[in-house]
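Student: Take a look at the letters that make up each chain.
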Amino acid sequence: MTQAAPSASLRARSEAEAARLPALLAQARHLAGSVLLGQHGRRRAGLGDDFWQYRPVQEGDQRRQIDWRRSGRSDAEFVREREWQIAQTVMMWVDGAASMRFSSDKNLLQKADRAQLLALAAAILLDRGGERVGLTGHALPPRRGAAQIIRLAAVFASAEAQADYGVPDARGLPPQGHALFLSDFLGDFDGVHAALTGAADRGVRGVLMQILDPAEEAFPYRGRAIFDSIGGTLSHETLKADDLRDRYLSRLAERKDALRRLCAATGWQYHCHHTDASAQSALLWLHRALGGGAAR
Amino acid sequence: MTIGVLGFTAPWLLIALALLPVLWILLRAVPPAPVRRRFPGVALLLGLRDEDSAADRTPWWLLLLRMLALAAVIVAMAGPVLNPRGEDEARGTGNLVILLDGSWASARDWQGARDLLDIALAEAGRDGRPVALMRLTDPQPPEFQAADAWRSRLAGLEPAAWAPTAEMMARAADLVTGQEFDTLWVSDGLAYEGRLDLFRALEGRGTVTIHQTAQPLLALTPARAAKGALELTAQRLAPGPAREVTVLAHGRDPSGIPRVLATLPLSFDAGAAQATGALTLPGELSARLTRFEIAGQGHAGAVTLTDDSLRRREVALIAGREDREGLELLSPLHYLERALQPSAALMDGALMDVLPANPDVIALADVATLSEAEKTALLEWTEAGGMLLRFAGPRLAASDVSRSAEDALMPVRLRKGGRSVGGAMSWGEPKALAPFADDSPFAGLAIPDDVTVTSQVMAQPDPTLAARVIAQLGDGTPLVTRKRIGQGQVVLFHVTANAEWSSLPLSGLFVQMLERLAISSGGATPVAEDLAGTTWQALQVLDGFGTLRDAGTLPGVPGEALLDAALGPDLRPGIYEGEDRRIARSVLGEGDTLASAVWPAGADIQGLDRAAETPLQGWLLAAALLLLSGDIIASLALSGRLLPVRTAAVLAALIMLPDPSAAQGRPPEALAGEVTLAHVLTGDRALDDLAHAGLRGLGETLFFRTTVEPGPPEGVDLETAELAFFPLLYWPITATQPTPSDAAYAKLNAYLRSGGLILFDTRDADIAGFGAASQNGARLQRLAAPLDIPPLEPVPGDHVLTRSFYLLQDFPGRYGGRPVWVEAAPEDAEQAPGMPFRDLNDGVTPVVIGGNDWAAAWAIDDNGAPMRPVGRGYAGERQREMAHRFGVNLVMHVLTGNYKSDQVHVPALLERLGQ
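Which chain is which? The protein sequence lines are A and B, in order.
Taking this note's numbering, the leading residue of the first sequence gets 197, the next gets one more, and so forth.
Taking this note's numbering, the leading residue of the second sequence gets 67, the next gets one more, and so forth.
Just so you know, not all the hints are guaranteed correct.
Now the stretches of chain A that chain B is said to cover, found in silico as 3 or more residues with beta-carbon under 8 angstroms [to be verified]:
1. 324-333
2. 440-449
3. 460-466
Looking from chain A toward chain B, a few residues come up when the C-beta cut is under 7 angstroms (computed) [as the list claims (entries may be wrong)]:
4. 284
5. 295
6. 298
7. 302
8. 305
9. 336
10. 340
11. 342
12. 346
13. 423
14. 432
Derived from the structure by calculation, the hints contain no laboratory data.
All C-beta atoms, glycine included, are put in the ideal place defined by N, C-alpha and C.
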């Protein structure tokens, strides 16, 4: 029994996770599908193999770009444009630290769940757009294809960091690539700062999405209380929690401001998302931010 | 230990109260326990300090709450008892005799005495003491029984209307000799002869505890008529400060209804034991008085009854023609008037005018002839109890009245002319009166020497004459004769009413004779000698509370005892009727006074109010528990762990959730404007909701499938609602629903007669068979019994219900296949040849009765989904569909009647059209 127990628990866990995986995937596909509805993906001219359009020759076009066969059928000269097919690499970091496993209400998703859902949905969108998606810190090298989505989901399902607060892992970011960091960014600010400046140094631009629980935004606590971090490493005792609210909120605002300024300095984009808000709006914003970033 | 009215069984526990301040300090030093919360944002909180460090203390009111709770527990543990029995009142163990005075004086505090007895008996019951109950007013040998047996008889215990006499006291003392017992003596506080002796006798048997009321007792002595007014005297026990009391004069109004005719305020001066007042009433009113009562006393002593002695007799005086104007002394009525004035009410007027006033006496002075009408009326009045007093005179002597034959209104026949003796033209001396015979009403009256008779009318000797003479002259000639007519009598004075023929009207004897004839009985109290040998029958008697009751079959009372004998079971206070008058006997005699009971020194005397011992421990513990639960709520509120706002809001919303079936009360226009299905509110909320949902479901079905488009269904309270708007009333039966009132049944019957239909649903699948022992079925029978329901039969195959919209064979609801009953077809219904069904009765069956629980099958929720499962799978859905179809058919049947039956004639009609 004692020997069977670990394997049994492993099997139970893996079954539970396997059961969760399709759910997450399905959710993410559903979410991504709703974004794509009625839109065209990366349909724009660029380097690639497929024909995109003929356009009149403009100033600066090289002569060998002229498609003579098309030009022969008319007086003007045309250039044959191909569809943009350069694959971008978008590296993601989804905070799996303990602080993300929090929801103030049983009707709300945990922050980690929302973060993973958004990341996966964004990955699906990016994959459809032809981008390569991976995870930072050598957790999952960037690849294309549906298999990569499955892999991503598997990693999300199995990743359980022990640390109380996550620090962005900027390792393995390809230069000039794109990055997506999803976290609550409540932990050490220096780590975020170091990661972002390091990434910016390598020409990586990206998106910072802060995911917060409504309780963290509102601080609806009263009376004598001891606040423990989820991991249990930090605790703070107060006699009148309601007295702390204003000062907590100002600190939170400070933190958001700092993040915003850091993003502005490094050319990243910052967005704050709450778990009680719709995931779709967050995904739309992500899509624009990433797409815009990739297009530039 | 006892503090005030509180006693403690374990008083040393109260020392623990001293710990409370210590606890106060301790509790104050310890802040409330913190809540542990998981919160990722704690990283942002680090380093924040509390600004207000005082808030950590428990608030003072919470501390106070806890202190109070603890104090309540401590006090409760010390065993507090309200109104404890002191140790000095050691409860006895042996027999207990409860001795009641039981007199009229205890009637006022009877309820208090009864409560006291109840407590005492309860205690005796707990101690297991045998108890005997004795009443001094009616001493019986003590009969020791269990206290509970006595307790159940307490309610029937009533005070007597008399007081214990010395003889009763002595008998009571005799009855209890030779036994050992303790005594509880409930006394009325009045002095009675023999009380002390009885006390001594009881003291010899065991301890004696006396309970007597301390409240001042008021009583009323009989009213006396004096100087045309009624003199009333109230007595009080224990003279005290000045006090006002009101005496009510009860009587009957002209229509015979008892009323308070007058009130008389009496005021006791400070220290005075009695108060006297005079009540002047018109003779008409005083004749109708029945009793006087001191307001608000409620015992027999405060009531005195009136009898004939208070009544001023009404005497109508009628003379013959008075042609000698101005000669007052010669007026035939002058002396009568003077004799009667003080004591009787005199009436003047023509005979026919005074007769309707029904006077007690009509005096005819020298009236010889009366008209036939007058004669008849006078005779009638006399027969009904009137007293006709006639005086002779020249006219009577000269007339032929009662000459040859006895006149109905004359006691004797008269000789013509009369006689004169001792006058100037005649021989002989004026005649004096002979002594009155013993059987004469005037017996015993002294005859003054100077009363002489000079003229008189003479009575014709007759066999009956001797019996009719009640006064005669010395030579034996009748002077006063009397004849009884019916209940009344006619009395003839053979002399004039003035001094012409005799000196009788000048003497005091005349007045006395009139009194004896009860003509002027005012103020005259009969004396014992008068009543000796007579028997008086009680008409009405007083009970202890001063209420007049019918005497029933109480035995008669000898006249000599009536006036003076002590009251008792044989002589109750009340009104007694004798031969020709009534005598009232009140509780207090004239001149009686009240005296307080005197007890020997050292007697244990207590008041009546004895509060029951009440242990307070339970109450205090409950209070402590309440305080502690308050503490829980307060603590939760303080630490922010009370119900979250959202949950509370949801709870509040649930509580305030409107009751769909209670949403009745739509205006009649709305109900009349569209077809409204209705269900009877049964009082079972769940059932009413289901019926509502069922009718809504049926309504939806009708809406989609037919042209009937019903409005929202309506819950109907049979007591208040108007039923005329509803074509169909669905009535689910529960075993517990209340029976409608008669008015509601009347409404229902009117509804049924005017074409309404009630669908009774016992909802029990008719397990027991229709009308048998199922609870709902039995209830249905009781509910429907007052309804106007025709004979019923199970739905026949050709009933219009089977084809009014859908073709149906059975009528399932949630249960299927049970018979449904409708109004029976007429016996002469015959199937016409070639027709598929009979030509049945017109109209709509007033009731449909079944037990298939249709509402459950029809019921839909707000989303339109069925609320209750029906059957299984497809078959179940099929059954639900059939249930809906039954509902559709039913509504169609209600709305269209036998329209579908009429189609049986369609071929014939078509044939006729074709011609």
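Student: Give a verdict on every hint.
Tutor: Comparing the hints with the structure gives:
1. 324-333: violated (count 0)
2. 440-449: Check passed, 5 qualifying residues.
3. 460-466: violated (count 0)
4. 284: Status violated, d = 33 angstroms.
5. 295: holds (4 angstroms)
6. 298: holds (5 angstroms)
7. 302: Where the cut-off is 7 angstroms and the nearest Cβ of chain B is about 12 angstroms from residue 302 of chain A, the hint is violated.
8. 305: violated (14 angstroms)
9. 336: violated (26 angstroms)
10. 340: It is violated, given that the least Cβ distance between residue 340 of chain A and chain B is near 35 angstroms, above 7 angstroms.
11. 342: violated (34 angstroms)
12. 346: Since the shortest Cβ distance to chain B is 30 angstroms, the answer is violated.
13. 423: OK, holds: residue 423 of chain A within 7 angstroms of chain B, min 4 angstroms.
14. 432: holds (4 angstroms)
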